[in-house]
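My request is simple: use the sequences and hints to build the entire structure.
Protein chains in written order, with this note's numbering: chain E, 179 to 409; chain Z, 179 to 409.
Careful, some of the hints might be misleading.
Note that identical chains are pooled: a pair holds if it fits in a single copy or bridges any two copies.
Derived SDA-like pairs (lysine to any residue); straight-line CA-CA distance at most 25 angstroms [unchecked claim]: (1) Lys-297 - Asn-270; (2) Lys-254 - Ile-351; (3) Lys-282 - Ser-393; (4) Lys-244 - Ile-371; (5) Lys-207 - Leu-307; (6) Lys-187 - Ser-213; (7) Lys-207 - Asn-273; (8) Lys-325 - Phe-354; (9) Lys-271 - Ala-204; (10) Lys-206 - Ser-353; (11) Lys-333 - Ser-349; (12) Lys-244 - Asn-270; (13) Lys-271 - His-345; (14) Lys-207 - Lys-271; (15) Lys-297 - Met-201; (16) Lys-282 - Gly-336; (17) Lys-389 - Leu-308; (18) Lys-271 - Lys-392; (19) Lys-370 - Ala-321; (20) Lys-271 - Pro-212; (21) Lys-333 - Gly-272; (22) Lys-282 - Ile-351; (23) Lys-271 - Glu-352; (24) Lys-187 - Glu-400; (25) Lys-207 - Phe-250; (26) Lys-271 - Leu-308; (27) Lys-333 - Ser-348; (28) Lys-254 - Glu-299; (29) Lys-254 - Glu-352; (30) Lys-207 - Asn-270.
These are computed hints drawn from the structure, not numbers from a lab.
Number of protein chains: 2
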Amino acid sequence: MFKPIKNKKVYEYVIEQIQQMVMDGALKKGDRLPSERELAEQLQVSRTSIREALRALEVIGLIETKQGEGNFITGKIEDNLFEPLSVMFMLNKGNPIDILEVRKIIEVEAVTLASERIKQEELKELERLLYGMRDTNDEKESAKLDKEFHFTIAKATGNYLIVSLFHIISSLIESFIENARFKILRRTENKKILFEQHREIFINIKERNSKKAKSLMAEHLEFVNKIIINK
Amino acid sequence: MFKPIKNKKVYEYVIEQIQQMVMDGALKKGDRLPSERELAEQLQVSRTSIREALRALEVIGLIETKQGEGNFITGKIEDNLFEPLSVMFMLNKGNPIDILEVRKIIEVEAVTLASERIKQEELKELERLLYGMRDTNDEKESAKLDKEFHFTIAKATGNYLIVSLFHIISSLIESFIENARFKILRRTENKKILFEQHREIFINIKERNSKKAKSLMAEHLEFVNKIIINK
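Okay, here's the thing in structure tokens:
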């Protein structure tokens, strides 16, 4: 199972071994890691190195520490404490418009795939979110339902990587385009237009009309992006 | 600048403060962080907490430790020691075919944008890589040039997020689809077909014919994906 470690930068090797065990399938979601002391003994390194490695894995969102219970493998990308891509994007002077460009690419293709693959319960969920958006007068609630509508489409592709990218792009939008969804909804006429756009997208997904759903999603995101860019 | 820290899970707050300083533009690429001792004093936390935070940031690839010189902000997403998305993908039982699907989405759109935005020196670089692929008989070298050809197209979009996604997808392919590029090149007739496909893509980018470049890239990746899936 765990192999003893030689060499320098000890915590890196600890991380590598845990990473490798996940990649080999030896560690799965929900599994509890051995205690710090056990890990230190098995890998023959100091508890400090073990603690450093575990902290890093917690920051990344790979493990979750439950007080008194130990460290568990979680693997929820949406739960990480740190947003590496947001920080990288900032350091590399990325342009916020780049985020909107990529969002459109991903979501336009996602709706195409979703139209072919969506399950009955996901269609019901889309419908529930759609009428939720129509019926609420709370802007924050509406923005939340809007995001969930798009997220449900990403999930309906059945492609876990598309779902991951959806999360990454959402957190980039939240970091770099402040209150984007909120701003859009502030104007009442927009609310009606947006409901209509979402409704038409929903109908075409439901009718498995992927080409039409695709062009409607492109139009919808062009409309949204224009508002965000001009503010 | 740095504010003293109260409360529990101390290393998280240290990370948050450093992350925030990057997001505010107070820390830039190449900047040196204060020493562990200085950080511990400024934030009024233990050196252990500082060290834990710095380790985590090193794993993520945000900082680089140079022996005897200190910790520097790097921001090279391609240099991180850990591949969070690969591990998440594994834990969430992602299907390797999902990676190929997303790769096609990103690269087909990237070549469309690249055809509109590419600079003279990037065109020259593409041409150099193309003829490098034709002239080498070394399979590894050829696979490397092939990857660089696609990477140059991603860069030519001028969209940093597309470049980041290209890196993420490349490392997923390397983790989940062993020797993908290598396998494809093993057969001599493939080598000729691939050179021809890349050549045509290059010509259409050069002629700013984005529609044709797009459909050629789609065909190229369908060809490649088919070989990878059937092996």
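Right, here's what the structure says about each hint:
1. Taking identical chains as interchangeable, the C-alpha atoms of Lys-297 and Asn-270 lie at most 25 angstroms apart only when they sit on different chains, with a minimum of 19 angstroms there against 40 angstroms within one chain.
2. Both within a single protomer and between protomers do Lys-254 and Ile-351 lie at most 25 angstroms apart by alpha-carbon distance, with minima of 19 angstroms and 21 angstroms respectively.
3. Taking the shortest Cα distances, Lys-282 and Ser-393 sit within 25 angstroms of each other both inside one copy (11 angstroms) and across copies (19 angstroms).
4. Neither within a single protomer nor between protomers do Lys-244 and Ile-371 lie at most 25 angstroms apart by alpha-carbon distance, with minima of 46 angstroms and 55 angstroms respectively.
5. For a Cα distance limit of 25 angstroms, the shortest separation of Lys-207 from Leu-307 qualifies neither inside one copy, at 29 angstroms, nor across copies, at 42 angstroms.
6. Proximity of Lys-187 to Ser-213 under the C-alpha cut-off of 25 angstroms is found in both arrangements, the shortest distances being 21 angstroms within a copy and 18 angstroms between copies.
7. When the C-alpha separation of Lys-207 and Asn-273 is checked against a cutoff of 25 angstroms, the pair qualifies only between copies, where the shortest distance is 16 angstroms, while the shortest distance within a copy is 36 angstroms.
8. Taking identical chains as interchangeable, the C-alpha atoms of Lys-325 and Phe-354 lie at most 25 angstroms apart only when both belong to the same chain, with a minimum of 16 angstroms there against 30 angstroms between chains.
9. Taking the shortest alpha-carbon separations for Lys-271 and Ala-204, only the inter-copy value of 13 angstroms comes in at or below 25 angstroms, while the best intra-copy value is 39 angstroms.
10. Taking identical chains as interchangeable, the C-alpha atoms of Lys-206 and Ser-353 lie at most 25 angstroms apart only when they sit on different chains, with a minimum of 17 angstroms there against 31 angstroms within one chain.
11. With identical chains, the CA atoms of Lys-333 and Ser-349 are at most 25 angstroms apart both within one copy (17 angstroms) and between copies (23 angstroms).
12. Taking the shortest alpha-carbon separations for Lys-244 and Asn-270, only the inter-copy value of 21 angstroms comes in at or below 25 angstroms, while the best intra-copy value is 35 angstroms.
13. Proximity of Lys-271 to His-345 under the C-alpha cut-off of 25 angstroms is found in both arrangements, the shortest distances being 21 angstroms within a copy and 17 angstroms between copies.
14. Taking the shortest alpha-carbon separations for Lys-207 and Lys-271, only the inter-copy value of 10 angstroms comes in at or below 25 angstroms, while the best intra-copy value is 35 angstroms.
15. In this assembly of identical chains, Lys-297 and Met-201 lie within 25 angstroms of each other by CA distance neither inside one copy nor across copies; the values are 30 angstroms within and 40 angstroms between.
16. For the homomeric pair Lys-282 and Gly-336, the shortest alpha-carbon distances inside one copy (19 angstroms) and between copies (16 angstroms) are both at most 25 angstroms.
17. In this assembly of identical chains, the alpha carbons of Lys-389 and Leu-308 lie at most 25 angstroms apart only when taken from the same copy (21 angstroms versus 35 angstroms across copies).
18. Neither within a single protomer nor between protomers do Lys-271 and Lys-392 lie at most 25 angstroms apart by alpha-carbon distance, with minima of 31 angstroms and 27 angstroms respectively.
19. In this assembly of identical chains, the alpha carbons of Lys-370 and Ala-321 lie at most 25 angstroms apart only when taken from the same copy (14 angstroms versus 52 angstroms across copies).
20. Proximity of Lys-271 and Pro-212 under a CA criterion of 25 angstroms is satisfied inter-copy only: 23 angstroms between copies versus 41 angstroms inside one chain copy.
21. Taking the closest pair of Cα atoms, Lys-333 and Gly-272 come within 25 angstroms of each other only across two copies (12 angstroms); inside a single copy the shortest separation is 27 angstroms, beyond that limit.
22. Taking the shortest alpha-carbon separations for Lys-282 and Ile-351, both the intra-copy value of 12 angstroms and the inter-copy value of 23 angstroms come in at or below 25 angstroms.
23. Within a single copy, Lys-271 and Glu-352 get their C-alpha atoms as close as 17 angstroms, which meets the 25 angstroms cut-off; across copies the closest is 27 angstroms, which misses it.
24. Proximity of Lys-187 to Glu-400 under the C-alpha cut-off of 25 angstroms is found in neither arrangement, the shortest distances being 48 angstroms within a copy and 42 angstroms between copies.
25. Only within a single protomer do Lys-207 and Phe-250 lie at most 25 angstroms apart by alpha-carbon distance; the minimum there is 8 angstroms, versus 34 angstroms between protomers.
26. Taking identical chains as interchangeable, the C-alpha atoms of Lys-271 and Leu-308 are never at most 25 angstroms apart, the minima being 36 angstroms within one chain and 30 angstroms between chains.
27. Taking the shortest alpha-carbon separations for Lys-333 and Ser-348, both the intra-copy value of 14 angstroms and the inter-copy value of 22 angstroms come in at or below 25 angstroms.
28. Within a single copy, Lys-254 and Glu-299 get their C-alpha atoms as close as 23 angstroms, which meets the 25 angstroms cut-off; across copies the closest is 41 angstroms, which misses it.
29. Taking identical chains as interchangeable, the C-alpha atoms of Lys-254 and Glu-352 lie at most 25 angstroms apart whether they share a chain (18 angstroms) or sit on different chains (22 angstroms).
30. In this assembly of identical chains, the alpha carbons of Lys-207 and Asn-270 lie at most 25 angstroms apart only when taken from different copies (8 angstroms versus 33 angstroms within one copy).
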